[in-house]
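Q: For the sequence shown, numbering that gives the first Met the number 0 gives the first residue as 0, with consecutive numbering after it.
Certain hints may be false.
[Stated by the list, open to error] No farther apart than 25 Å at their CA atoms in a straight line, the calculated lysine to any residue pairs in the SDA-like style are these: (1) Lys94 - Asp105; (2) Lys180 - Pro190; (3) Lys180 - Val246; (4) Lys169 - Gln18; (5) Lys44 - Pro214; (6) Lys180 - Val213; (7) Lys48 - Pro97; (8) Lys44 - Pro127; (9) Lys94 - Glu264.
Read the hints as simulated data drawn from the structure, not as lab findings.
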Amino acid sequence: MRSALIGLATSLATLALTQRLDKPPLEPSLDYLQKGLLEHLGSVKSSYKQWGQGWIPADCKTMTEDANLSAADVETFNVQYVDCPSDPWVLCRHKDSPDPLENMIDLFGRVPVGARQYVRHIINLPDPSMTSAYNSNGNIAMFDRINGDLTVFIHETGHSLDLLGAYPDKPLSSSSNWTAKYALDSHVPDPYSQTNKLEDVAQNTVVAAYNLNVPGGFGSVEPKWREVQHQFGTIVGEQRVAGNLLVRGGTCVRRLANSKAVQAEGVSRVRRGLGKPPDVGLSDAVDVIEPVEFDTTEFCGRGS
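With the hints as constraints, model all of the structure from the sequences given.
A: Here it is in structure tokens:
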């Protein structure tokens, strides 16, 4: 009986987390935050080096094949940002993706490093039928030309911060604190925030990042900012306690472990001379973030 009650409680908690929200949207979208974010979250110096042909991170391979594409068509890069000097990020890009690699590197680097360190890999995949993104276990998949939008990078990183336990309330979206603060506001930021608590937290992460990094804060572009102040204000407070994760500056102190390097194609098809797999280990300069399994595909992906 006890296990049945635990199962019921878990199901009810999941239902509450994924239920559609009934508060009206403040604005039609968050596009109006893009200009200020790009101006005040500047580029971070970086360099990159391509992996040897035939190797791919296991998680990039999984996301590629989930999109019915061939992992053999994906190029992998170690991207070294100056604010994480000992540990490059491993980013993946399908050869037919319309956005150049440099766009992905630039926009990901603009995400404050305190938040960026909660992302394992990013992969850019082609799909002209949709502009979407999702986050799976800290891996972000972006489709088509989504790489032109910094708000989407921050939104998807917001899922990592929430669901990987970066904040004092772990996860924030399912905490009683978030529920209480949400109840104090009359609106949510935009229609996408209405999807559920997960997406509301992610969209408010974008608002919080704007408020923290753009002079004048969110109120400088949104006269009705008080209608959502308890939501984005909660994220502002939580990220401050966690080390100012959404504020530009600083260096990385922790990272998600990279997924292992695997062969892009089956063993029987691999050419001779493939060489040793790339080293994906982290240095002693960073602490390893405890992994958590989650997937926002149903709500965020292939439709965000």
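Q: Each hint needs a verdict: does it hold in this structure or not?
A: Structure-based check of all given hints:
Simply put, Lys94 and Asp105 have alpha-carbon atoms about 18 Å apart, close enough for the 25 Å limit, and the pair holds. Using a Cα cut-off of 25 Å, the hinted pair Lys180 and Pro190 holds, with the two alpha carbons roughly 19 Å apart. A hinted pair counts as satisfied when its Cα atoms are at most 25 Å apart, and Lys180 with Val246 qualifies at roughly 22 Å. Between Lys169 and Gln18 the CA atoms are separated by roughly 19 Å; this keeps the pair inside 25 Å, and the hint holds.
This hinted pair checks out: Lys44 and Pro214 have alpha carbons roughly 23 Å apart, not beyond 25 Å. Of the supplied pair hints, the one linking Lys180 and Val213 holds, its CA atoms being roughly 23 Å apart against a limit of 25 Å. Between Lys48 and Pro97 the CA atoms are separated by roughly 20 Å; this keeps the pair inside 25 Å, and the hint holds. Taking the CA atoms of Lys44 and Pro127, the gap is about 30 Å. The hint is violated against a cut of 25 Å.
Our distance criterion of 25 Å between C-alpha atoms is met by Lys94 and Glu264, whose separation comes to about 16 Å.
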